[in-house]
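**Student:** Please model the complete structure; the sequences and the hints are all you need to start from.
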Amino acid sequence: MTSLSHAYVSARARWERLAGGSAPVFFIGAATCGRAAGAEETVASLRAEIAANSLQAEVVETGCLGPCSLEPLVIVHKPGAPRLCFGNVGVAEMRQIVKRYVLGNDPCAEWALGSIGDGRVDGIAPLSEHPMMRGQVRRVLANCGHIDPQNVEHYLARDGYRGFLRALEIGGDQVVEAVKRAGLRGRGGAGFPTWRKWDTCRQTPAAQRYLICNADEGDPGAFMNRSLIEGDPHAVLEGMLIAAFALGASKGYIYCRAEYPLALARLKAALGQMRELGLLGDAIQGSAFAFDIEIKKGAGAFVCGEETALIASIEGRRGMPQPRPPFPAVSGLWGMPTIIQNVETLANLPLILRNGPEWYAELGTEASKGTRSFALAGKVKRTGLIEVPLGTTLRQIVEAIGGGSSDGKPIKAVQTGGPSGGCIAAEKLDLPVDYESLAQAGSIMGSGGMIVLDTDTCAVDLAKYFLGFTQTESCGKCPPCRVGTHAMLYLLERIAGGAGKVEDLQRLEDLALTVARGSLCGLGQTAPNPVLTTLRYFRQEYQDHVEKRQCAAFVCRSMIQHRIDAERCPGCTACVKVCPAEAISGSRGVAHTIDPAACSQCGSCLSVCPSKYAAVYRVSGELTRYEERTQKADAVAEAAA
Amino acid sequence: MLEDGATVMPASDATSALADILAIYPPRRDNLIPVLQEWQERYGYLSEEGMRALAAASGISENEIYGVATFYSQFRFQPPAAHTIHVCEGTACHVRGGHQLMHDFEERLNISAGAMTADHQFGLERVACVGCCALAPVVVVDGKVRAGMKPKQVRGLLAQLGHKPNGKAA
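Chain order of the listed sequences is A and B.
Going by this note's numbering, the first residue of the first sequence is number 1, and it counts up by one from there.
Going by this note's numbering, the first residue of the second sequence is number 1, and it counts up by one from there.
Rather than coming from a laboratory, the hints here were simulated on the basis of the structure.
Glycine included, C-beta positions come from ideal geometry on N, C-alpha and C.
There's no promise every hint is true.
With a straight-line cut-off of 25 Å between C-alpha atoms, the simulated SDA-like cross-links for lysine to any residue are [said to hold, decoys possible]:
| hint | chain 1 | residue 1 | chain 2 | residue 2 |
| --- | --- | --- | --- | --- |
| 1 | A | K612 | A | R588 |
| 2 | A | K428 | A | G135 |
| 3 | A | K381 | B | G148 |
| 4 | A | K501 | A | Q471 |
| 5 | B | K144 | A | A92 |
| 6 | A | K251 | A | G172 |
| 7 | B | K150 | A | G404 |
| 8 | B | K144 | A | Q471 |
| 9 | A | K548 | A | R588 |
| 10 | B | K152 | A | D504 |
| 11 | B | K150 | A | D456 |
| 12 | B | K144 | A | G38 |
So the derived label-pair ranges between C-beta atoms look like this [to be verified]:
| hint | chain 1 | residue 1 | chain 2 | residue 2 | range |
| --- | --- | --- | --- | --- | --- |
| 13 | A | L623 | B | K144 | 47 to 53 Å |
| 14 | A | E366 | B | E62 | 52 to 58 Å |
| 15 | A | A361 | B | N63 | 34 to 40 Å |
Sample of chain B residues with no beta-carbon within 12 Å of chain A, all distances over it, derived [claimed, not checked]:
| hint | residue |
| --- | --- |
| 16 | P80 |
| 17 | H86 |
| 18 | E89 |
| 19 | G98 |
| 20 | L135 |
**Tutor:** Below you can see the structure in the form of structure tokens.
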């Protein structure tokens, strides 16, 4: 076992060598998202380039820096210069950066996103002024993208585990007090004050207490927890140590989705390092505190994000919720007091302990303190993982940080909180993002997924999508959820399918309220939110679906017809070739026609019709829509062909 | 219910295969899911023989084991196809055209989601979200995430994996 104080000294020395040594260092974002964007190929080309030039250089694979749309991301530290961050670094760009910047003197400004640290490089602004970074305050995510998540020395060099050491010093009561003063609320969705839950658990006499880290990030459209674990696993684990110490829990579990193989691997490696450093086991750091952590792999059930269902799953049973009370804090895993915390809640704890509750609470609003990470995705220009002080407005997030709509179409709504949340219409973009404001608007903060929707998104289709999800994931235990989600989905399918009746809207609303009130657990109670919010903000759209068989977003296939404008169509046969239903007739040089009876409205013809003709158009209800003729669409079509 | 061509593990082999796994995860109730996960990782799916052997070794009834296994979407009860395509149906993928991708895969492979082709070459699965929302829409092909997938790339991707569209419009 290595002593922690020794580890700090060598970690510091190692980090300083990395940051101020004479060899260039490359940091490459190689989390799941980076890899999907080609980071592994970039790393391979970098290593080849280093070898080919006999360069003395170090390559550090990091987690995600956040701006996923700009991945693969590479930070280059050239001795004597500030670090430079480059975006969209493919194999060719990587080679150029080595040649021109590292071996030469040209900083490749065309790919540079910004500089990091002191000093300036001509023509490159600091990364903190990049539109996606300005307005963000990265506290929980501070290490992500900057350290090697597999190397505990990097975490230690950035004051890792000092929060836990502080906790050991001040004792459990003071830890709870600090968390209370910081105003930390659960980041998993409901926003329950963390200290209060802890207090209940501590007051319950028991021989054994458990701590569970809920990393079963099941909301579609959410990836904050994945990123955080992949980029900085020790921050979450240190949070677990602090919580377990305050609670007097001797055993902890991390319940993580099997769909996150890289996150699981990072956790496993990190636990080994903790053991090595005497941060797990008996008499941790010479104290009376004994604690161990076990990883439990989720097996694919959304309902297991619910506390009591998660407990059932760890116990080896079907993940079905129990009525509460008793709350898990009183009677949880194997009947013992159990605290379940979200990944991000835990990762906040080291910060609070290290920097003090006052520092922590200086950001945020009166009732919602600190910062919050969001997974920004959907129809927004700059997608990625961001962190902002609570109380930041949706507009700041979507327009300033996200850069607004991605496809040039107006933003229609922002969806927060996944299947349990709701849509907030564009006119409400000035809403501050805190627990209470989002609830008033009919949505929830949820776990932090934020999906931007533009006018190409149909409100009915979106509600149907979410209900399809919750209906499939309903565990079936209580009838309001089991039958109610089924009935709501049936009505939504009928409306989207062009067979809706005027009275369906009222019926849907009544059902939604019944399911919300009658369901046993959070899944059923919140499942109606997507329906209720879309009805609240986009009722006219529902009515148009029912009364005019019209889908203004041109999404609901049952009410769309593809047609070909005979005056525009020169008969190039591009659409004839791709039509999977063989519904298009016409030979070269003769305007084509679509047989409406055979057409499945798949849209293949529309996507291949060259923009110079733009002859395929669509009709829905009273609306006719031609796609704009853009060169860009042509390039995309050609690249894909 | 095994399909043609799947290999059946004899009961004695299942028992010894299970013993290896139980050496890592002792047959306690809270290890039921880890044991099933480990079995599937090694043998690709949960076979009847495997579940029977587990029931005998653990004292948990066959019904109970099957009941737990079918509750979780991770578990398969048939051998997987040579290539598995997971189409992400997360929200970001949905609003960026993921549903169209699923439709196209279904059409080209002539199977519906959750099924596999008759020759066991292709399995098509939904996945609720793989957490790569910023790169939507994505599909996961044999474990590798493909970002920014376009409907028009479906045919090429399948061809790369050796799919021959038999008689259908190419």
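**Student:** The structure should be examined with respect to each hint, and the outcome stated for every one.
**Tutor:** Status of each hint after checking the structure:
1. The hinted pair formed by A/K612 and A/R588 meets the criterion: a straight-line CA distance of about 17 Å does not exceed 25 Å.
2. Annotation: proposed proximity of A/K428 to A/G135 holds, straight-line Cα distance about 20 Å (limit 25 Å).
3. Straight-line distance between C-alpha atoms of A/K381 and B/G148 comes to about 14 Å, which keeps the hinted pair within the 25 Å bound.
4. Proposed proximity of A/K501 and A/Q471 is supported: the alpha carbons are some 22 Å apart, at most 25 Å.
5. The straight-line distance between the Cα atoms of B/K144 and A/A92 is roughly 22 Å, inside the 25 Å bound, and the hint therefore holds.
6. Of the pairs offered as hints, the one joining A/K251 and A/G172 holds, with about 16 Å between alpha carbons and a cut-off of 25 Å not exceeded.
7. Distance hint between B/K150 and A/G404 is fulfilled; the C-alpha atoms sit about 22 Å from each other, no more than 25 Å.
8. Proximity of B/K144 to A/Q471 is assessed by CA-CA distance (about 28 Å); at most 25 Å being required, the pair is judged violated.
9. Taking the CA atoms of A/K548 and A/R588, the gap is near 37 Å; set against the 25 Å cutoff, the hint is violated.
10. Restraint check: the Cα-Cα separation between B/K152 and A/D504 comes to about 37 Å, which exceeds 25 Å; the hinted pair is violated.
11. Between B/K150 and A/D456 the CA atoms are separated by roughly 17 Å; this keeps the pair inside 25 Å, and the hint holds.
12. Taking the CA atoms of B/K144 and A/G38, the gap is near 11 Å; set against the 25 Å cutoff, the hint holds.
13. Against the hinted window of 47 to 53 Å, the Cβ-Cβ separation of A/L623 and B/K144 comes to about 40 Å, which falls outside the hint.
14. Distance hint check for A/E366 and B/E62: the Cβ-Cβ separation is about 57 Å, which falls inside the suggested range of 52 to 58 Å.
15. In this structure the hint that A/A361 and B/N63 lie 34 to 40 Å apart at CB is violated, the actual value being about 53 Å.
16. The claim that B/P80 is not at the interface with chain A holds, since no C-beta of that chain comes within 12 Å of its own (minimum 15 Å).
17. Distance check for B/H86 against chain A: the nearest CB is about 9 Å away, which does not clear 12 Å, and the non-interface claim fails.
18. The Cβ of B/E89 sits about 7 Å from the closest Cβ of chain A, inside the 12 Å cut-off, so the non-interface label is violated.
19. Its closest Cβ contact with chain A, about 10 Å, brings B/G98 to no more than 12 Å, contrary to its assignment away from the interface.
20. At roughly 5 Å, the least C-beta separation between B/L135 and chain A is not larger than 12 Å, which violates its mark as non-interface.
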